[in-house]
Amino acid sequence: MSHQETQLQLGRRSFLSQAGFNFGALAAGAMLGDELAASELKSSLPHFAPKAKRVIFLTQSGGPSQIELFDHKPELPKLAGTELPDSVRQGQRLTGMTKNQKQLILPAITKFNRHGECGRLVGEWLPHIGSISDDLCFVKSMVTDEINHAPAMTKFLTGHQLPGRPSFGAWASYGLGSMNSNLPDYVVLISKMKRPSDQPLYDHYWGSGFLPSKHQGVKLRSAKDPVLYLNDPDGFPRELRREMLDGLAGMNRLHHTETLDPEIETRIAQYEMAFRMQTSIPDLTDLSDESDETFEMYGPDSRRPGSYAANCILARRLAERDVRFIQLFHPDWDHHSRLSSWCVSRCVDTDQPSAALVKDLKQRGLLDDTLIIWGGEFGRGVAGQGKWDSPEAGRDHHPRCFTIWMAGAGIKPGTSYGQTDDFSYNVVENPVHVRDLHATALHVLGIDHERFTHRYQGLDFKLTGVEPSKVVDDILA
Amino acid sequence: MIPWIKTIGLLCVLSGFSVVAQGEEGEHSGHDEAHGSAEALPETIDFNEHIRPIFNSHCVACHGGVKQAGDLSFVYRDKVLPPDGWVVEPGEPDDSIVMERITTDDESVVMPPAEHGPPLPEHEVQLIRRWIEQGAKWGEHWAYEKPQRPSVPDVADVDWCRQAIDRFILAKLEEEGIAPAEDEVPTRWLRRVSLDLIGLPPTPSEVAAFESAIETQQEHAYEEAVDRLLNRPEFGERWASVWLDQIRYADSKGLGLDAPRKAWKYRDWVIDAFNRDMPYDEFTVRQIAGDLLPNPTIEDYIATAAQRLTQSNEEGGTDDEEFRIEAILDRVNTTWQVWQGVTFGCVQCHSHPYDPFEHDEYYKFAAFFNNTADSDLDEDWPVLKVPVDSAHYDQAAKLDSQIRPLQRNIWSQEYELLSDETRWKPLTDLEASTNKATRVDVETVGDHDEFHTVGTVARNTDITLRSPLPDSIDSLTAIRFTGMPLDPEKAISDSEWGFVLSHVDAKLIPADGGEPTSIEFADVISDEPDPFHDPNGSLNEKSNHGFAAYTRIHYPRSAAFLLKEPLDVSEGSQIEFTIKHRVYMLSAFSLVTRRGYLAVSSDPEFHGLLNDESLQVQRKELAELKSRRNKIESTTVPILAERESHLARPSHVFIRGLFLTKDKQVQPDTPQSFPPLSAGDQPPRLALARWLVSDENPLTARVAVNRVWAQLFGIGLVATEEDFGSSGEAPSHPQLLDDLALRFKDTHQWKFKPLIRELVLSRTYRQSSVVRDDLMDVDPANRLFARGPRHRLDAETVRDQALAISGLLSDEMHGPPVHPPIPDGVWTPFAAWDKWNTAKVDDGDRYRRSLYTYTKRSIPFPMFAAFDAPSREFCTPRRLRSNTPVQALMTLNDQTFAECASAFAAHMRTLADEPSEQIRLGFVRATCREPSADELDELVGLHQQLGELETGDPLSMVANVLLNLDEVLMK
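Chains as they are written, first to last, in the working numbering: chain A, 1 to 477; chain B, 478 to 1448.
Hints in this document: simulated from the structure, not taken from any laboratory.
All values derive from a computational prediction rather than experimental measurement.
Please note that a few of the clues may not be correct.
Only pairs whose alpha carbons sit at most 16 Å apart, straight line, appear in this in silico EDC-like list of lysine to aspartate or glutamate [what the hints assert, rightly or not]:
id, chain 1, residue 1, chain 2, residue 2
1, B, Lys544, A, Glu467
2, A, Lys359, A, Asp369
3, A, Lys78, A, Asp422
4, A, Lys219, B, Asp1301
5, B, Lys1448, A, Asp261
6, A, Lys192, B, Asp1301
7, A, Lys359, A, Glu320
8, A, Lys53, A, Glu320
9, B, Lys1230, B, Glu759
10, A, Lys192, A, Asp332
11, B, Lys1448, A, Glu258
12, B, Lys1097, B, Asp1000
13, B, Lys1103, B, Asp1011
14, B, Lys984, B, Glu1053
15, B, Lys649, B, Glu661
This is chain B alone, in the form it adopts within the complex (with noise of 0.2 Å):
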């Protein structure tokens, strides 16, 4: 192999470049072969279509985005032509360097250098030749071009279209000189389309519904069978899971014990927003940002769960931080994969060495999320109690919308006081001291004195500080503490451990050194509205924990302790204020604050905020509606919520994408190859989420009608889901995708249900599946659509089509993960308290759909894992289809579909007496057609030779056979 390659891959270039540059290698030796370098130049250079790949392929690994050697990049047009560019003049070939290089004897100045490539093939260096005569036109690469609405293709055989979609296809077709494949056998079609909208077969009743209303109503029956089928909820069941994919829905954490998490109610919503025919852009914008939306629902906070399915880790020893920010990042890489199409993955370490996205593009983006509250807690913070039936849903919204308010303004004048340094006098000639090993040390710093810890801190220290009261003061209303990062100034950016004062304890010591009087505090206000541990925690001997700085702190923090009465202070007094630290993450990190200071005050409004009239009846109405809220039976699920604007994090470009070193700090934008922010004074992240489906975005609305074609059709217009960069495929049927895309977005109106429902009444889709012997040279892979999809059934529907089969399926929808049979030994989570308890045979919980078994990332359930469903760590843009024995185990020994061939034996033996009949009538209902006469000797044969061997249940094994089918296996 040419020694290039090598070195490409030692400069880092993730891409494809080596397998495209064999590609292209070998394509273009046989040219020679063939054709000599006669072959004709196009008419018009398309830049994109002629050019673009003969840099990518060539050029970009040393001139791209991540390296831009001699300040030059093939990737970017200004690095390129003039003005800015210098290697291309347009219109001038031989006044450009790039035809100099490239033509060049030289072997000091050739490009490609040697070592890196052999010269550019004749017929290359013609295309750029002719492309810089014509005058260099610069083309972004399709996919970031608007779609263009096209006009409709005219073709030869008008009656065979049914749809708009059918034009497109066919005037490939005829272009291409294929004729397209008969209809499909109407009950084939209809088990097709069942499978495809609700994830299920139709039953033998539907199936002579079907085939009667034909007989009357002709193509009208086509169409009622489609709307029927989007109106089952199972429609819902169904495409929920082709999103769960995308955004890594899983019922446990992830990372460590991968604990069990509890987000089911995200996943109903999800059922739920397909079945009202949610449009895509409301869908996304909630997921994205449903929190930041003028008065939230209770529903809009559960969609921002989204971004909450990302992994968390509890292993012993790790920092939040760090995951955090693996959290922040992969909720980065899932919104451009799954709403974008892009692969923006790789710019967190680099510019993207083909698309036009720059390095310190990902942290802007990246900084739209950063300032959510959560941060890797075990306790999956913050969370919303979700009202377990839906029907309390606007109750309980209702009443957070009274309660948040409420909340807010009574914290409003609070922290005014709190954060009024007027109202304050800081303390002087502090003396610190420890019940522990740790020591601390006393500085002044400006008018006042600070504590800070010294080397490495114990477990469970107390910090007890002493300091005079200043003698301007004569009574004490409040103290306050301040809590701070060691190293203030780095922690902004590098945050460091926090601090939890799990209690405080506070005297005045009179001047003459007499007995001290206990200070008896009322309350403790804070500078969060709505902080993870109630503060008050810290005056309660039994709780550990209260105010806090919890489990990072990047910014100095404070509360005020306010004292029951005004204390009258004499000159000379002293106070001895007690911190106890009682918290530690997992034995290694103690929560204990590591540097601070206090003030007193004797204003008397502190005084006054405990008795003040209109607080003290806010605050009641506040505890009143809080125990209504209380009262309605709620589980939980993980939320986005905002930090404040003064605990604000920044966001920094993270130097080759590690998060210990920070470069430069950014804010919040998207990147300028794309069409700009409009931010206005939304909040940024609720700018963002308006901005992917603003009529200006150009990827949004196409990968969402790809993802949808290829659910239906079995591969995408664009093949590549996940990636519609320059580095992806280009689509097949680029005018139709655009087409859709357009209609999806206006005369759709954003919704599912009428984009799918004219795919599938489409002729294209109506297509008879059978393999065309014809068109295996030309097109193996159907990129064409000159027949209808043939292709195996999802991990899910392979399941849940048995259990319907059988009979045993159960139609109960929603609710908490179920747990149906699993193998003995699969089941081994590190922590034993993490049971699988198996539901019992009378349990309808042992027979629910596939999308409501349990989640766990790291023990996959086994047959979605043999069947190629994710484990969901992450985003899964594409699942893989393959075909292994383990699955043939599966599906022949499998405890479920044990039980699904017995229940099915059972069941025909009600159908009819005769066992040949009997066996008829199941083929007819796993297959929605009569058997052949072959067929049918094939079945019964096979009865009765496993009836001779006297043992088992002959027809539970044809049923085994017939759940086995290949057909029944296959779309």
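Chain A on its own, in the form it takes in the complex (with noise of 0.2 Å):
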């Protein structure tokens, strides 16, 4: 143990009986054992000063299309129906669902409007989306590996295509600590389907990987229970609760005079944090204090518990509790077919509630200092899935093109970046890997990518891994 860890243990000792098991301590308390180890690294975070302190990521899984949303191209039409050149394809993979299908062009099924100062062209079927264009940020030249869902989504959230590293949210939880004394750093909501998803969405997308299990995300479920264990059981009263710990830390108080063991007083506060996410978290998740300007600003799903509209609600409440990490998961964008009602009916669910979210945020003055991301895994081809021209039609995955947005604190708003070609299939200007994104949003909480590691089997981990990737200077604002 070096020298600077013992200082710190010791710190932390006199820092505890001082403060009387405060939320203060707590965090501190939880660099004990294991963790002592990273406590050097830690303790030089953030690198430099951040422009954001928490994060929103809106996860749309899946693979939104961004021919049908973001990605512009008039020329298409001319086109539909004949096959995609070689040129183009440059042998890219398929899935096996349509590797043995003509690859025929099916331009977008949509309009496109103007929008704002910027004049932003964005797909018809957000408009609420495309109203809020002059805060946005789009990114139209993401670029990812993977080419099936859960080995994208895996990639997309914790920087490897197989399951066991950390996701974004808990590198984030890891690096940077909890800002708030009474909820979880990383909060994850899933949507509430209307109709069964067809998707699965893992555990490890929020996991903690090899990082301590404090820092994966906790589930905030639309059930009886937002958070799992959070209602006494049956025959174990609310009342009898406050008692029943008052004694538990007698005990535990009168055994560390025993034993001196600094752990204990760390349980004792852990035990009071348990307490109280008793009382915050169903005090997060009661909505019957926000306004009808707030249902209606987020639209009439917001009404419905579970809902993606409900859940950017609860996005902006936690965001207002300071929660370091708040994760939305959308599923059901994965259209192979009937792309013409199916993504309608997913712009439905997302448009209007993550538009509102980012003006509620802006109104309240927490737009400065949160960084907002909407995306998915990967984009979708141009070519038609099924037969071309008919209703039916749908989109393979595309991995080599897809389009993001992202707003809010160092970000530049009312831009575009990057460049897809003619046909939206490949990357032609400014390609954004998904390391890059990784690199530019742990950019924007004050984190260098490159020295933001932790040791695990002897080797030295980090969220954008081993191949080179680089922050976007040019979105920041």
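Using the supplied hints, reconstruct the complex from the two chains, each of which is provided in its own coordinate frame.
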């Protein structure tokens, strides 16, 4: 153990006894045992002044079609139904679903409208997002390497295609710690769909990998227990809980006088935090104090608990409570068929609430220190899947280009970055790999991704992995 | 921060470079302020202690394993020292280029270059100078040298020591001027050793018995207690948990649907192995190559499931070969991690940045595993039918040992004919057509005509082949079909999707064009002795399976279709042979033959195969044996099996670790920096298994004893249990580690029980765990072991202990995984048929030990996940121990814990009438000691306060408090 670590441990001890188990003590108390090894690194964080202190990641799972929504290609209608030139496809892998079919061009089945002072073109299915274009930065040149959902989403969220690495949110929690004494650092909200979703959302998408489990995303559920084990079990009434915890703390303090182990103080603090969560989380998830105007702003679905719209309101409430990393998941963007109706449904689910969240944060002054990211694990191909000119047509997965948008702290508003070719197939200008997105988002949080590492099994791992990655300076404000 | 750190990151050095560098830098600036550069140089320079760390922190980023700028690497001796190395002249610092480059003022040549970092501190320059002066002796990293039996150190207080290990611990404490701690209270020691050995606390009667035994037998009582615990069946359950983390055991497949996988017989085998104290060398050999042992037993095969616990993928549109290779690489990484404590994984993409492992060596090692029959199939094949009742293992093994040679014998006779080219007449003038959009062309290759598909193939394609029979044939006894990859040469290393002949139809068309005769087949013989599907399925209308290259094809594959009766053929006759394909993988990949040709035979031997008396007897015997084997009630477990040598896959180096970019071919071998493999005529994988446990292997025993030590003492002698390499931590007591390793191997004959026995009977382990204020400065992590271990219990133990204290724990062992209560909404598998049927309250399975809980990788059991149990996707060498509010919520509110509290309260009521007495006895049961007066007051007061609120059961709440005491959750 190094000198610094010892110092830290001692500092922590005296601090604890003085502070009487408040939350500051808890945060420091978390740095025990195994985590001591990392304390040296963490004490240097942030590496420079952060622009954002929290992130809201609006994850659109399944691969939203950039062709219908963001990446306007006016020349495509002329090529409708013709075969995608090999010069464009360049041997791109296809999934099993379309590799045996001809790649016939399906132009966007929607119109694009011009919005705002920046004059951004956004597909007509996203009128609300279009209307706030002046606040957004569209990155049209996103690139990934994976072609199937699970590996692509795993890479999008953890930097590696196989499960086992910490998620972005877990890294943020690990590196920057908590700002709230009553809530976890990393909260995950999953849309409750009106019909059963056809896509699995794996726990490892918000897992802590080899980081301590306290950094994993805590899933807020729309069940009666918004957090697992939040409710007192039958036969253990809440009225008794305070007494009981006081009794427990009393016993543990007595034991501390015997064993002198500082870990006991941490445990007492964690039980107190658990107790506070039993109040703070119901308080968080109870939307009855929200005004009618708010519900109107987020749209009709916002009154349905568990909906994406309701989760957007929760995201704002979490931001207000200074939760570090807030991640929404909205599934079913995987439109292999019936793009014209199903993609519209997903847009209806998410368009107004996403835009409302940006506006709401802005009017409350929270957009200044919140980074918002909207996007999915990959895009969709220009070729129609199924019979290209029927209403049944859809699009297959496409990793070589897709669009995301960002807003808020540190991001240049009213801009668009990167260009794809005339087919929205290949990036022709300023590619942004998923790794670059991670590097950039970390930068906004005040972290140099090259120096933000965790040693595991003898290796220093980082979110951005070992391939070169870069901060996209051009989109930073 | 200094800019070169960024550069290093870009150079893709995976290692701990940047962190180490920060630490080093901080330390040195400290030195400069405090001591200037006047720090004394050590008398004798030790390469590993003084020089290697300098190279590692300043040089190897560019001159290491990954990048060897100027062909110079400070990882390898021969790149630095003469005759091949050119930067160091032993004994001659002034003639050594390295000295010149680290001391020069010339910015264009100084090392490290300014943009990579500041110059070396003067002290380090002097260390290198003295090292060269003293002859530049290179030392391999300690862990790669064989352990040496140390002399037992002298200590002042000889009486303190009880076991050999105590001398090593005490010697270091005396050196530091630290006195060891007092002995632990005996009953607390009993609790500690019970939790460590069987994962459960002692019962009050065991505690009482121990207390009275101490009165009468003193020291002997401790030994008896340990021996009793070592013989308990729960010992195996507790220690199996540790191993299952290493070997990434789970009851599901991992990727895609993460569907269930039947592997629990392996888990039970591990439990039994620990209970029987199977020596670690045997334990190792069986898990790496049990299938290759002479006359393998059922358990030898079950053990090989260790390698089959890799994740497999069933997601639509994924490539079986890609995930087969992922599994092979995981076997390589896991083997190194588990048995050698070395991070071999980074060698997949490039040579190791610090340790002497070259890129090619990774793939040589992978070649040991690359030729097993498994290939990421949804069916998990190959699997072994394992009798549910282990009492039937011997009977099943006996049958298997008769079935296998018999089957092989029959097949060899068949294969000899099938593969004898002189018996076959190839067909030419082939016409090929299909019933679907699939296009086929024909070309002449050597002496025969081959068909091959062109472009994409349609699902369910039938291919009809028509060809005149050679004039030299006047009768027909067999038709041979050979199915090939589309690109036969490339497929040997880059396999293609294979084929399945779902059905075969053949006709003889007379020369005059008259009515064709249907050809009746009696049997199909194939080029594989034990194919996944019976080739005869190709003759069965009802089955879609049959002769196949399932699911990948590397080489041409042949089967002979034997005619029921020889058929006379007249000159000019033609045959029409139709192969029907009905199998496809997840709609995407049709298993259609892409290329192939036919041959025919008039050799009566083929007909003879059907009627040969001896063969008929053998077939009958085989059928009988198989039927007897099938009558034994069985489950399955995935196992290792080697592919036939004529179908062996070649192994290649993958450029940058990508399986699509293959480099040169390699043969199985171990790294050069390790003792050589003595293969002899053993199969390579068996040789590897024996190499791991050979006397020459420097790591296996050390890593194993260190793991046991860490389990008992909370931290390993090598704290980085997962990394014994040069970027890991040096051992706190190197001689003790070597002494234990050698005695584990020699004295204890690789047995864990005597090793554990001596550790827990040591004075070191006996010490009180009270945290010592006087050591907070010098040894906060207890690396010197100047007190007993104190840390939070593992996830499994937290739950098992609560069940045990409350009296709910089921003592049933073994069997399929169980489903205890899980919170609503957690179990949301993608496949609706994948059910979690919670065991009812009256079902003992609700309260089984935690290691029997169904382990689904993608949906970890919440309680285990919160208490830092890994989700078992990959090997987890060491668990973290976090302390979180979610853990508190869990032990307060989880259904199982609530049931434990209620049951515990009910039990307390049976112990006494007065609540205060009930509570006292409950406390004793939970903690194994009497409460102090203050503690009892606190609890009784709480009980009274709760009672006054007149809601709920106050004693259950007190029970809940007892189960949540820090003292109970900690060892």
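> Does the structure break any of the earlier hints, and which numbers would those be?
Replying inline: Violated hint (a single one): 15; every other hint is consistent with the structure.
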